[in-house]
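> Sequence:
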Amino acid sequence: MSGGLLKALRSNSYVKLSQYWDQHFWRDNEEQENLLKKSCTLYVGNLSFYTTEEQIYELFSKSGDIKKIIMGLDKMKKTAYGFCFVE
Numbered sequence: 018m019s020g021g022l023l024k025a026l027r028s029n030s031y032v033k034l035s036q037y038w039d040q041h042f043w044r045d046n047e048e049q050e051n052l053l054k055k056s057c058t059l060y061v062g063n064l065s066f067y068t069t070e071e072q073i074y075e076l077f078s079k080s081g082d083i084k085k086i087i088m089g090l091d092k093m094k095k096t097a098y099g100f101c102f103v104e
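First residue of the sequence shown? That's 18 in our numbering, and the numbers climb one at a time after it.
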């Protein structure tokens with residue numbers, strides 16, 4: 018894994034939370050912001066359609082424990098869609 022990626026994963030910086038508002042969230046904005054601050058889910062995009070869950074696990078487990086991986090799948094074909102979420 019590149020040093021730049023590890024540095025970014027371990028940094029305390031974050032993108033402004035207002036960029037992540039979920040319009041379908043039914044509670045107040047303050048509660049949503051608190052939940053986002055506690056979140057440890059990472060969106061990983063621009064993946065090859067041939068990337069496997071095992072490859073994602075192998076890569077990110079080097080940085081710490083992984084609770085779950087959710088692979089984006091095409092609803093009809095059940096094939097990879099080029100993104101995943103890692104918690």
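A hint or two may mislead.
[Said to hold, decoys possible] Derived DSS-like pairs: lysine-lysine, alpha-carbon spacing no greater than 27 Å straight-line: (1) K94 - K55; (2) K85 - K54; (3) K85 - K55; (4) K94 - K79; (5) K55 - K95; (6) K54 - K95; (7) K79 - K92; (8) K54 - K92.
[As the list claims (entries may be wrong)] Label-pair restraints from in silico Cβ distances: (9) N51 - Q72: 31 to 39 Å; (10) K94 - N51: 36 to 44 Å; (11) F66 - W43: 21 to 29 Å.
FYI, nobody ran anything at the bench for these hints, they're computed from the structure. Ideal placement from N, C-alpha and C gives every residue a C-beta, glycine not left out.
> Holds or violated: 21 to 29 Å for the Cβ distance of F66 and W43?
This hint is violated: roughly 34 Å between Cβ atoms.
> Taking 27 Å as the top limit, are the C-alpha atoms of K54 and K95 close enough?
Between K54 and K95 the Cα gap is close to 32 Å, so the pair fails against 27 Å, i.e. violated.
> The hint says 36 to 44 Å between K94 and N51; measuring C-beta to C-beta, is that right?
38 Å, holds
> Is K54 within 27 Å of K92, Cα to Cα?
30 Å, violated
> Mind checking the alpha carbons of K94 and K55 for me, to see if they're no more than 27 Å apart?
34 Å, violated
> Would you check the hint for K79 and K92, treating anything up to 27 Å between C-alpha atoms as holding?
Distance of about 30 Å is beyond 27 Å: violated.
> Going straight from one Cα to the other, do K85 and K54 come out at no more than 27 Å?
19 Å, holds
> Between N51 and Q72, does the beta-carbon spacing fit 31 to 39 Å?
Since N51 and Q72 have Cβ atoms about 33 Å apart, the given range 31 to 39 Å holds.
> Does K55 pair with K95 here, judged by a C-alpha cut-off of 27 Å?
31 Å, violated
> Would the pair K94 and K79 pass a check requiring their Cα atoms to be no farther apart than 27 Å?
Not OK: K94 and K79 at ~31 Å, beyond 27 Å, violated.
> Regarding the pair K85 and K55, is the alpha-carbon distance no greater than 27 Å?
Holds, at about 16 Å.
Hints 1, 4, 5, 6, 7, 8, 11 from the list above are not met by this structure, while the remaining hints are.
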